[in-house]
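Undergrad: Sequence:
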Amino acid sequence: MAEASRWHRGVTFGMVNPHMYYLNKVMSSLFLDTSVPGEERTNFKSIRSITDFWKFMEGPLLEGLYWDSWYNNQQLYNLKNSSRIYYENILLGVPRVRQLKVRNNTCKVYSSFQSLMSECYGKYTSANEDVSNFGLQINTEWRYSTSNSNSPWHWGFLGVYRNGGYIFTLSKSKSETKNKFIDLRLNSWITRGTRVIFIDFSLYNANVNLFCIIRLVAEFPATGGILTSWQFYSVKLLRYVSYYDYFIASCEITFCIFLFVFTTQEVKKIKEFKSAYFKSIWNWLELLLLLLLKSTEKYSDFYFLAYWHIYYNNIIAITIFFAWIKIFKFISFNKTMSQLSSTLSRCIKDIVGFAIMFFIIFFAYAQLGFLVFGSQVDDFSTFQNSIFAQFRIVLGDFNFAGIQQANPILGPIYFITFIFFVFFVLLNMFLAIINDTYSEVKADYSIGRRPDFELGKMIKQSYKNVLEKFRLKKAQKDEDKKSRKGSEDLAEQARREGFDENEIQKAEQMKKWKERLEKKYYSMEIQDDYQPVTQEEFQELFLYAVELERELHYINLKLNQVVRKVSAL
Numbered sequence: 104m105a106e107a108s109r110w111h112r113g114v115t116f117g118m119v120n121p122h123m124y125y126l127n128k129v130m131s132s133l134f135l136d137t138s139v140p141g142e143e144r145t146n147f148k149s150i151r152s153i154t155d156f157w158k159f160m161e162g163p164l165l166e167g168l169y170w171d172s173w174y175n176n177q178q179l180y181n182l183k184n185s186s187r188i189y190y191e192n193i194l195l196g197v198p199r200v201r202q203l204k205v206r207n208n209t210c211k212v213y214s215s216f217q218s219l220m221s222e223c224y225g226k227y228t229s230a231n232e233d234v235s236n237f238g239l240q241i242n243t244e245w246r247y248s249t250s251n252s253n254s255p256w257h258w259g260f261l262g263v264y265r266n267g268g269y270i271f272t273l274s275k276s277k278s279e280t281k282n283k284f285i286d287l288r289l290n291s292w293i294t295r296g297t298r299v300i301f302i303d304f305s306l307y308n309a310n311v312n313l314f315c316i317i318r319l320v321a322e323f324p325a326t327g328g329i330l331t332s333w334q335f336y337s338v339k340l341l342r343y344v345s346y347y348d349y350f351i352a353s354c355e356i357t358f359c360i361f362l363f364v365f366t367t368q369e370v371k372k373i374k375e376f377k378s379a380y381f382k383s384i385w386n387w388l389e390l391l392l393l394l395l396l397k398s399t400e401k402y403s404d405f406y407f408l409a410y411w412h413i414y415y416n417n418i419i420a421i422t423i424f425f426a427w428i429k430i431f432k433f434i435s436f437n438k439t440m441s442q443l444s445s446t447l448s449r450c451i452k453d454i455v456g457f458a459i460m461f462f463i464i465f466f467a468y469a470q471l472g473f474l475v476f477g478s479q480v481d482d483f484s485t486f487q488n489s490i491f492a493q494f495r496i497v498l499g500d501f502n503f504a505g506i507q508q509a510n511p512i513l514g515p516i517y518f519i520t521f522i523f524f525v526f527f528v529l530l531n532m533f534l535a536i537i538n539d540t541y542s543e544v545k546a547d548y549s550i551g552r553r554p555d556f557e558l559g560k561m562i563k564q565s566y567k568n569v570l571e572k573f574r575l576k577k578a579q580k581d582e583d584k585k586s587r588k589g590s591e592d593l594a595e596q597a598r599r600e601g602f603d604e605n606e607i608q609k610a611e612q613m614k615k616w617k618e619r620l621e622k623k624y625y626s627m628e629i630q631d632d633y634q635p636v637t638q639e640e641f642q643e644l645f646l647y648a649v650e651l652e653r654e655l656h657y658i659n660l661k662l663n664q665v666v667r668k669v670s671a672l
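Just so we're aligned, residue 104 is where the sequence shown starts under this note's numbering, counting upward by one.
Bear in mind the hints are in silico, worked out from the structure with no lab data behind them. Positions of the beta carbon are idealized from the N, C-alpha and C atoms, including for glycine. Some clues are possibly wrong.
Claimed, not checked - Quick list of simulated restraints, FRET-style, between CB atoms: (1) 530 to 255: 36 to 42 angstroms; (2) 463 to 263: 29 to 35 angstroms; (3) 503 to 474: 17 to 23 angstroms; (4) 503 to 530: 16 to 22 angstroms; (5) 289 to 217: 29 to 35 angstroms; (6) 522 to 193: 50 to 56 angstroms; (7) 193 to 372: 50 to 56 angstroms; (8) 474 to 533: 26 to 32 angstroms.
Sequences are here, hints too, so could you generate the full structure?
TA: Next up, the structure:
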């Protein structure tokens with residue numbers, strides 16, 4: 104498994120390189136931080152109105168997408184080809200703009216205000232989505248189009264947006280695209296029902312063999328204004344180009360072989376141990392590791408590939424994390440590591456009980472913060488944000504001024520009591536549980552009460568497996584046959600001497616029991632370390648002692664009978 108983990112890490116790191124970060128940084132700086140000409144404070148991040156949105160579309164977006172010539176106005180390539188952003192990144196196909204709207208009357212206006220406002224556009228849901236044509240109704244941007252791609256729905260700040268909508272693609276000509284934007288602005292393409300606009304396009308950098316899939320999102324909440332977000336995915340979709348890529352391919356093939364062997368071993372273990380297999384946390388971890396393991400005039404939809412590529416990378420990252428955690432199983436022969444695992448396993452019940460008490464108080468404060476400060480402080484705007492804000496308070500990252508400004512009375516009271524109960528009381532109780540348990544484990548280790556070393560078990564088991572494979576345990580089997588034959592001879596001799604079958608069977612059972620216990624406890628070399636006895640082993644030893652007591656009582660009766668007969672003579 105350790106060897107497979109090394110190959111797995113080679114496969115994973117072959118999919119990620121530092122150029123991904125630099126490519127994302129360059130593209131985000133170009134499309135997010137570039138300001139509108141004449142308005143230094145207006146860029147994509149700072150868009151708050153429809154006017155600002157159109158200024159961005161006709162300014163920074165247009166200039167960022169179309170690079171017609173070199174910095175000295177020299178033409179470097181055929182304009183029929185795609186634009187080359189920063190002269191190195193080819194624009195694949197043409198960008199796409201997509202809008203989703205909601206219908207009128209998707210919410211209800213209070214009767215007293217119906218004379219002032221007759222229209223009502225609610226928040227975006229799939230049920231509220233508007234699929235009717237609007238405006239000029241002549242091109243695709245005015246007609247609703249259903250989705251023909253398998254891309255996942257987009258999870259935004261205000262809702263989950265599905266595919267489809269009012270879609271149009273940009274031209275390869277900068278002037279035509281600018282005229283398109285002006286025409287849409289003058290004909291009110293963005294309406295009161297607009298809830299989100301997506302700007303999608305993809306780039307390819309041949310120098311580093313990376314695709315950059317970009318999505319700029321502008322959400323229009325029912326409260327008015329605009330919330331912007333973005334996604335930059337730099338991925339390596341062309342896997343095998345350089346010699347290093349082919350080395351990674353060999354690692355992938357080797358990893359698949361290890362994965363097949365490892366899976367076969369785990370299936371055999373499950374069949375052998377059945378329900379007992381699932382009692383070990385390491386076996387659960389091993390199962391978890393197994394489970395984890397055209398035309399340039401059209402829009403090129405790489406978002407689907409990029410999304411699942413990133414998703415795959417995330418799964419691999421989690422798998423590698425658990426593979427590293429599994430190293431604890433192989434280094435448990437170390438005294439310090441063994442103490443750590445023993446401490447955690449021994450105090451798990453106390454930690455669970457403490458966690459219940461902790462989260463009751465923690466969620467109570469989160470609910471209080473959400474209700475009191477939710478409308479004023481961004482960190483408490485939702486219940487989920489309140490939970491994460493409180494974790495940040497515990498770590499020392501908090502906005503006390505915002506809390507105090509939102510509520511001058513309850514703000515300081517909330518903050519002081521939360522710090523006292525959660526930070527000074529509950530967290531110190533948690534540390535006390537760990538500390539006391541560690542002291543107990545350390546005391547047990549000082550007198551020799553420690554668990555068996557895993558490394559010794561692994562070596563012994565591997566040695567037995569090798570002997571079985573090379574058929575070197577034949578002599579042991581011959582000895583077992585001789586032992587069974589000797590037992591049969593003794594039983595036959597006992598029958599000739601007049602012992603009944605019940606006594607013979609009891610004697611054989613006692614002999615087997617005695618041999619098994621002696622093999623388990625007395626055949627091994629005497630060690631200085633005391634080995635703790637489990638409850639099951641203690642019960643087994645107790646029953647053995649009871650049987651020994653019965654046998655001794657029976658022998659005592661026989662001896663008394665012999666003594667009386669001798670005395671009578």
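Undergrad: Confirm or reject each hint.
TA: Do the hints match the structure? See the list:
Residue 530 and residue 255 have their C-beta atoms about 39 angstroms apart, which keeps the hinted 36 to 42 angstroms range intact. Between residue 463 and residue 263 the C-beta distance comes to about 31 angstroms, which sits within the given range of 29 to 35 angstroms. Under the hint 17 to 23 angstroms, the C-beta atoms of residue 503 and residue 474, about 19 angstroms apart, fit the expected range. Against the hinted window of 16 to 22 angstroms, the Cβ-Cβ separation of residue 503 and residue 530 comes to about 19 angstroms, which satisfies the hint.
Evaluation of the 29 to 35 angstroms hint for residue 289 and residue 217 yields a pass: the beta carbon distance comes to about 31 angstroms. Take residue 522 and residue 193: their Cβ atoms lie about 54 angstroms apart, and the range 50 to 56 angstroms holds. Between residue 193 and residue 372, the C-beta spacing of about 51 angstroms keeps the proposed range 50 to 56 angstroms intact. Restraint check, residue 474 to residue 533: a C-beta distance of roughly 27 angstroms satisfies the suggested window 26 to 32 angstroms.
In summary, the structure agrees with every hint in the numbered list given earlier.
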